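Novice: So you can see what is in the structure, the chains are spelled out below.
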Amino acid sequence: MEEFDLQPGEHIMITVRQHPFVLAMRLLPFLLLALVPDLFGMFFSFVGHAGGAQTSGLALSAGLTRFLTGFYWLILWIGAFTVLTKFALTQWIITNVRIVDIKQYGFFSREVSSFLLLRVQDVTTEIYGVLPTLIGYGKLNVETAGNIEKFTMDTVSHPQRIRDIIMDQVADLHATDTPANTDGL
Amino acid sequence: MNADTNVAPLNPFPTIPGNFSTSMNTAAFIPVVFLIAFVIWLLYTLVAGYHWFRYGHQSWLAVPALALHIFVSGFLMLYMMSGLR
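So the protein sequences, as listed, match chains A and B. Counting in our numbering, the first sequence runs from 2 upward without gaps. Counting in our numbering, the second sequence runs from 658 upward without gaps.
Each hint should be verified, as a subset may be incorrect.
Quick list of simulated restraints, FRET-style, between CB atoms [to be verified]:
(1) Phe695(B) - Asp165(A): 46 to 56 Å
(2) Gly64(A) - Arg711(B): 37 to 47 Å
(3) Val690(B) - Gly42(A): 19 to 29 Å
Now the stretches of chain A that chain B is said to cover, found in silico as 3 or more residues with beta-carbon under 8 Å [stated by the list, open to error]:
(4) 65 to 73
(5) 77 to 87
These aren't lab readings, by the way, just hints derived from the structure by calculation. Here the structure is a predicted model, which means the values were calculated and not measured. Glycine included, C-beta positions come from ideal geometry on N, C-alpha and C.
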C-alpha cells in the first residue's frame, strides 16, 4: 500500500464506502439504455406488421443487428463498470489514529488526504429526504482544528454509526494522549 | 418508328443492386469495427485491472469484479459475432 502505510500500533477500524443504493441509482441509466435496442425491435416489429411489406427495407440482416446491438451493449457495460470501479475505489479508511480520505474521480484521477483524529473537532451528519432516511445514508462532515478544513463524504451508509466510531476513538485518544499516538504521523 | 421502340428509356439515377451494396459494406467494416472494439476493450481492461489491484487496498472485491467484467464482456463479444459467418 504505497498511498498510506500503517504506522506501528495503527490498525484499520472501519472502511467506509457510499451506500449501495447510490451505486444502483448510478447504474440505472445504463440498464434503461440497454433496453433501447429491444424497444427499437418491438417498434419496428409493430410498424412492420402494421405497414406490411413496404417497411421491410428498413430491416437490417439479423447478423448485423446482433453485431450492432452487442457493440452497443459492450460500450454500455464499459461505462457501467467504470461507475462500479469509481464506487469501489472511493472510500474512507478510518484507523485508530487517523482518517484517510480517498476520492477516485476517474481513471488516473485520484485524491488521497489524511488527517489525525486528534485534530478532529466536530463530526456532523446530515440526512435529508425520505429515501436517505428510510434506507440509511447521508452526509458525514468532519471538521479539524488548526485551519478551517472540512472533510465531507456524501451518501455514506449509516453516517451516525461512523460518527459514533470516530467520536469514541477521538475521546479515547484524548484520554490516553500518549506520544505513540502522535509521533511519526 | 420501329427504331424508336428499340431504344431503351434513359435512367437518370441508375441504382446498384441492394444486396450487393449491403454485403460488401458489411463484410468490409465488421472486422475493422470488431478489431477497434477489442483493442479499446483490452486497453480499458488493463487500465481497470491496474486500478483495482493498485488502489483496491487488498479488497476482496477486486478479483470477482474483474472476473465479472471479463465474463460479461466476453459474452457480449461472442454475442456480437454469433450472428455472423
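Novice: Determine for every hint whether it applies to the structure shown.
Specialist: Structure-based check of all given hints:
1. Phe695(B) - Asp165(A): 46 to 56 Å: holds, 50 Å
2. Gly64(A) - Arg711(B): 37 to 47 Å: holds, 40 Å
3. Val690(B) - Gly42(A): 19 to 29 Å: Once the Cβ atoms are compared, 21 Å apart, the range 19 to 29 Å for Gly42(A) and Val690(B) holds.
4. 65 to 73: The restraint on the segment 65 to 73 of chain A holds, since 7 of its residues have a Cβ under 8 Å from chain B and three suffice.
5. 77 to 87: holds (count 6)
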